[in-house]
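Per the working numbering, residue 1 is the first one in the sequence shown, and the count goes up by one each step.
Hint data in this document are derived by calculation from the structure and do not stem from the laboratory. All of these numbers come straight from a predicted model, not from anything done at the bench. Hints are not guaranteed to be accurate.
Below, in silico cross-link-like pairs of lysine to aspartate or glutamate (DMTMM-like), each with a Cα-Cα straight-line distance of 25 Å or less [stated by the list, open to error]:
#1 K21 - E138
#2 K21 - E41
#3 K193 - D154
#4 K199 - E210
#5 K228 - E138
#6 K193 - E229
#7 K228 - E81
#8 K193 - E138
#9 K193 - E227
#10 K106 - E138
#11 K106 - D137
#12 K21 - E77
#13 K228 - E210
#14 K106 - E77
#15 K106 - E210
#16 K21 - E227
Simulated restraints on C-beta separations [stated by the list, open to error]:
#17 T166 - D208: 25 to 35 Å
#18 A87 - E14: 48 to 58 Å
#19 L171 - E14: 16 to 26 Å
#20 G43 - N174: 25 to 35 Å
The beta carbon of each residue, even a glycine, is placed where N, CA and C say it ideally should be.
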Amino acid sequence: LGPKMIEETAEQVELIRQRLKTVQSRQKSSADKHRRDIQFEVGERAFLRVSPIRGVIPFGKRGKLHPQFIGPFEVLERVGEVAYRLALPLELSSVHNLFHVSMLRKYVCDPDHVILHTDVQINPDFFPSLGDPRIVDEWVQGLEMIFEVMDCPDHYRVICAQIQLTGDARLWWNAHWSMRPGKKEGCTWDQFKELIRGKYYPSYYRADMERQFLALRQGTRSVNEYEKEFTRLGSF
Numbered sequence: 001l002g003p004k005m006i007e008e009t010a011e012q013v014e015l016i017r018q019r020l021k022t023v024q025s026r027q028k029s030s031a032d033k034h035r036r037d038i039q040f041e042v043g044e045r046a047f048l049r050v051s052p053i054r055g056v057i058p059f060g061k062r063g064k065l066h067p068q069f070i071g072p073f074e075v076l077e078r079v080g081e082v083a084y085r086l087a088l089p090l091e092l093s094s095v096h097n098l099f100h101v102s103m104l105r106k107y108v109c110d111p112d113h114v115i116l117h118t119d120v121q122i123n124p125d126f127f128p129s130l131g132d133p134r135i136v137d138e139w140v141q142g143l144e145m146i147f148e149v150m151d152c153p154d155h156y157r158v159i160c161a162q163i164q165l166t167g168d169a170r171l172w173w174n175a176h177w178s179m180r181p182g183k184k185e186g187c188t189w190d191q192f193k194e195l196i197r198g199k200y201y202p203s204y205y206r207a208d209m210e211r212q213f214l215a216l217r218q219g220t221r222s223v224n225e226y227e228k229e230f231t232r233l234g235s236f
């Protein structure tokens with residue numbers, strides 16, 4: 001490669017980096033603007049949001065008629081600044097009982113407000129144990145969509161993702177952090193994704209994603225669709 005081509009390539013890479021930073025900053029500002037703080041005391045009751053969160057589906061109900069919240073459930077514990085542990089019934093035993101505050105709503109005593117949890121079918125999305133990079137990528141994207149809806153802060157995203165790890169992935173994660181005492185809690189969501197990609201995305205897959213990123217054009221995509229794809233491919 002000649003000096004001119006190297007210089008042009010470097011300029012293109014820098015331009016892409018600046019565009020990626022702009023998109024990420026815009027997304028963060030939007031999330032911060034819509035985030036609101038709600039606090040619960042231990043012993044209070046709260047409704048739990050089940051829609052539109054992926055993996056929690058009102059059984060036998062579709063369209064506008066299905067409930068968005070179930071409960072109320074007792075608050076057992078506050079975990080950190082923005083998470084709460086709820087007393088869930090046995091029917092919801094497959095769901096981890098720690099929730100971000102954005103998934104909860106204040107309960108005002110009224111018998112008519114109670115929505116039976118027996119009308120809800122829980123299908124959590126656990127980490128795909130097969131390790132197919134395409135499936136793993138879909139899993140990561142699915143979590144991203146959930147976190148955007150929930151307006152989850154960075155550290156809680158890592159907690160939620162850890163809960164979904166199973167089998168060899170959970171063993172790998174625990175072994176990885178056992179050698180770094182005190183650092184597990186400080187892992188950011190971007191660091192978590194990079195560790196997952198380093199473990200489960202082979203070099204050929206990452207190279208293909210990088211080629212797609214460099215060739216990405218808006219085309220018929222909407223601005224929002226283009227920004228999401230730009231951010232996803234740019235993370236490789």
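Q: Run the structure past the numbered hints and jot down the numbers of the failing ones, going up.
A: When the structure is compared with the hints, numbers 2, 7, 10, 11, 12, 15 and 19 turn out to be violated.
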